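Asker: Spelled out from the first residue to the last, the chains are:
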Amino acid sequence: MSTTTTAPDLVVQVRHASKTYGPTRALSAIDLDIRAGDIVGVVGHNGAGKSTLMRLLAGIEPTDSGTVSVAGRSKSARGGFPGARMAYQETNLANELSVGDNAYLSAVGSPRGARWRKHAEERILSRLDEMFPGHGIRAATWVGDLSLAQRQMVEIARATLDDDLRLLILDEPTESLTGGATEALYDAVRRMSAAGVAVILISHRIREVLEVAHRVVVLRDGAVASEHAAAGLTEDDVLRAMGGSDVEIVLPVTGAVSIDVPIVAEVPARDARTGTARPIQARRGEVVGLAGIAGQGQEVILAALWNARERARRRVKKAYVPGDRQRSGILPLWNVADNLNITAMRSLGRWGLRNTAAEREVVDRWVHLLNVRGGVEAQMAGLSGGNQQKVIVARAFASDAELVLLDDPFRGVDVHTKNDLYRLIRDEAARGRTVVWYSSENAEMRHCDRVYVVRAGRIAAELRGQEINEERIIAESFVIADDEEVAE
Amino acid sequence: MNFARRLVVPPWAWSFLFAALVLLGIFATTHTVGTGTIGLALSLAPYLVMVGSGQMLVISAGPGNIDVSVPQVISLSGFVAVSVTSGTGSITLGLLAAAGTGLAVAAISVIAIAFIKIPPIVATLASGLIASSFTLTFANGFDAEPSSALSEFLRLRLAGIPVIAIMTAAFSVLLAVALHRTVAGRWLLAAGQNGRAAELAGVPTAWVTASTYFASGLLSGLAGALLATYIAPTADLGTTYQLDSIAVVVIGGTLISGGRAVPAGVWGGALFFILLDSFLNLIGWNLAGQNILKGLLVLAVLFLAGGTAGVRRGARRAAAPTTEQLDIQPAADARR
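Sequence order for the protein chains is A and S.
First residue of the first sequence? That's 300 in the working numbering, and the numbers climb one at a time after it.
First residue of the second sequence? That's 109 in the working numbering, and the numbers climb one at a time after it.
These are calculated hints, taken from the structure and not from any lab test.
There could be a bad hint or two in this list.
Stated by the list, open to error - A partial selection of chain S residues facing chain A, derived with a Cβ cut-off under 7 Å: (1) A305; (2) L308; (3) R368.
Bear in mind the structure is a predicted one, so any value in this text is a computation, not a measurement.
We put the CB at the ideal spot given by N, CA and C, even for glycine.
Start from the sequences, fold in the hints, and give me the full structure.
Answerer: Quick look at the structure:
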């Protein structure tokens with residue numbers, strides 16, 4: 300265990316740190332200083348090196364060259380740097396264990412005897428109460444049974460349980476949290492900062508970073524492109540520093556699909572105000588959005604569409620793009636090509652035999668179109684989250700599905716990638732495909748022809764074309780007590 | 109880590125290497141380099157390869173999937189085949205009856221797994237128990253003789269190599285091709301890697317999983333029929349195939365957690381186990397010792413496979429090993 304000379308309150312000191320994975324140079328000669336109580340936002344496109352840098356700081360991987368010291372230590376212990384904890388975007392919890400057991404697993408110096416379980420449960424619950432009031436999580440619940448948002452809360456709360464916490468790394472902590480939980484988290488971050496903990500916040504949500512962080516570090520192509528004080532910095536400044544065409548595009552949406560066009564998908568639903576039947580319908584070539592606060596039943600509607608067996612007539616071919624890509628998206632043993640063509644191969648081949656030449660063509664086209672980093676042969680499990688998501692989206696659109704269901708798929712994806720995918724969705728709709736799209740980000744709904752605002756499993760409003768904007772969606776998402784009929 | 113990533117060895121290579129080492133051990137012990145040992149191994153291996161291939165398909169369907177009804181299916185279908193053949197005089201009918209027996213037992217397993225949601229290990233244990241009850245009824249005062257024509261065929265050799273081994277090898281090649289070049293094969297491997305993802309990618313995972321159990325039942329049934337003819341129909345004809353069928357699969361490089369099937373490795377594993385039996389007999393180990401060694405070997409292979417696979421796949425994502433990403437998953441997952 301060696302120590303280096305650092306200023307007393309310098310928690311992180313990185314000097315010329317480089318890291319390569321095979322042919323990929325993930326980080327080149329990074330320098331970074333973080334003091335106790337600093338809140339530093341780290342931003343950059345997918346593949347800019349954010350995750351790699353964080354793994355070095357957490358002490359999970361060593362540098363190839365250069366030095367990394369955290370809290371005065373330049374060599375990490377077996378479980379990473381003592382005092383440095385990281386909450387992962389794709390949570391690092393054991394799904395087969397309870398919330399309390401997970402808390403115990405990562406705790407240092409917990410009691411070992413018979414009382415360990417109670418102790419761990421009390422600690423994680425009191426921390427959850429403190430950070431996310433009204434979280435609704437019980438310590439005995441299996442992590443696998445929690446919602447994505449709840450898992451994220453447990454992941455974050457657990458990371459803060461270290462008694463000697465010096466550095467907290469939050470990797471896209473708010474991607475699956477609701478607005479209230481996000482606010483609560485950032486309040487907690489500010490309190491920790493005041494208590495002298497250094498916090499690193501990685502997020503694609505630049506606005507949030509600018510609100511919370513003192514300082515913003517912009518990574519580009521594995522190097523620090525620039526560093527800014529957060530005060531007075533605008534979102535545009537940051538996006539410009541990240542490079543590329545960075546502002547979210549707004550594509551012209553007509554919102555006018557004629558009622559003569561056949562209905563491709565339909566699920567029964569009810570009107571939130573009157574309680575009368577009001578089916579959710581999607582016509583051919585239409586992009587239909589499901590908006591509203593997360594967890595109001597949008598996933599249930601998607602699941603109903605996915606499982607629906609069409610009455611008589613012909614079956615509609617469907618494809619599904621999951622949002623929880625680690626659990627429901629990637630096939631980890633395979634490369635990009637195999638992951639991409641699994642849905643399309645059935646219609647490309649004949650008599651159950653694959654047509655590998657046709658598959659190859661499809662894969663090449665999509666990998667090129669969406670610019671998947673690493674190419675066709677790259678291992679899926681080794682790709683960054685954004686690139687994995689591109690492959691999973693391509694998997695759906697490469698098939699001959701008439702109806703594509705999107706389950707909030709663009710969480711944790713950078714603006715660059717999002718723009719590619721938005722454009723793709725519009726193009727595919729123009730070719731006659733129907734898209735039903737649930738998103739927790741209201742701004743994304745601008746790309747829809749029509750949006751159903753869902754509240755408590757019912758339709759609160761239906762917006763078309765120019766009516767679709769964040770203000771309307773938010774207004775319709777919340778209950779207006781007067782004209783709401785009593786819930787069942 | 110880098111070493112493990114750069115070293116590209118086909119997953120089946122180890123099993124053949126082990127088999128070669130044991131063969132060398134036999135040669136060294138007997139001070140003779142004879143083809144007899146290999147010929148004997150090749151005449152015993154086809155049955156284990158058939159059963160192992162079925163087991164491989166089941167295991168490849170994903171965490172928790174395993175068929176432990178294999179030994180009872182072998183014993184029962186052995187009796188069924190011999191009695192049908194001796195009763196009707198038709199070898200074909202006997203083989204069909206054996207195949208049907210395997211499929212029937214598999215159907216019980218599939219119903220229990222798919223509809224009653226019983227974990228596969230328990231479901232196949234139960235269907236195996238049902239099969240063994242029938243076996244005991246059969247075995248009581250059984251006096252039918254196996255077909256001598258089929259028996260002669262199983263001993264037939266072409267240039268010193270048993271014809272049945274050549275046929276089984278051809279089957280393994282077909283199986284390997286099918287796994288890579290048919291849509292069904294890809295569906296199976298996709299379902300084995302991540303069932304939820306495969307389902308959402310349009311793979312009919314329930315059908316895929318069910319068909320692996322039927323394939324395993326079918327292959328065990330056929331192997332039972334041939335084995336009963338080659339040796340003799342007895343109630344414990346299949347007993348050693350319990351561990352062996354699983355062992356040759358994992359030693360052959362198939363992932364116990366599913367998603368990667370290696371038909372060639374089943375051959376390597378089968379030859380290794382059969383040669384190991386001869387070698388241990390040669391140096392005078394008793395059955396108990398042999399079983400302990402085999403059991404430990406399986407555990408060692410699972411341990412090593414888990415370790416290296418973890419390093420390989422975790423290389424970039426080592427930071428976040430969720431249970432889904434680990435190669436070895438607890439069988440408890442099956443309760444889902």
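Asker: Does the CB of L308 of chain S sit less than 7 Å away from some CB of chain A?
Answerer: Interface hint status for L308 of chain S: holds (4 Å vs cutoff 7 Å).
Asker: Next item in the hint list is A305 of chain S. Is there a CB on chain A closer than 7 Å to its CB?
Answerer: Because about 5 Å separates A305 of chain S from the closest Cβ in chain A, which is inside the 7 Å limit, the hint holds.
Asker: Holds or violated: the hint that R368 of chain S contacts chain A, with Cβ atoms closer than 7 Å.
Answerer: 6 Å, holds
In terms of the numbered hints stated before, the structure departs from none.
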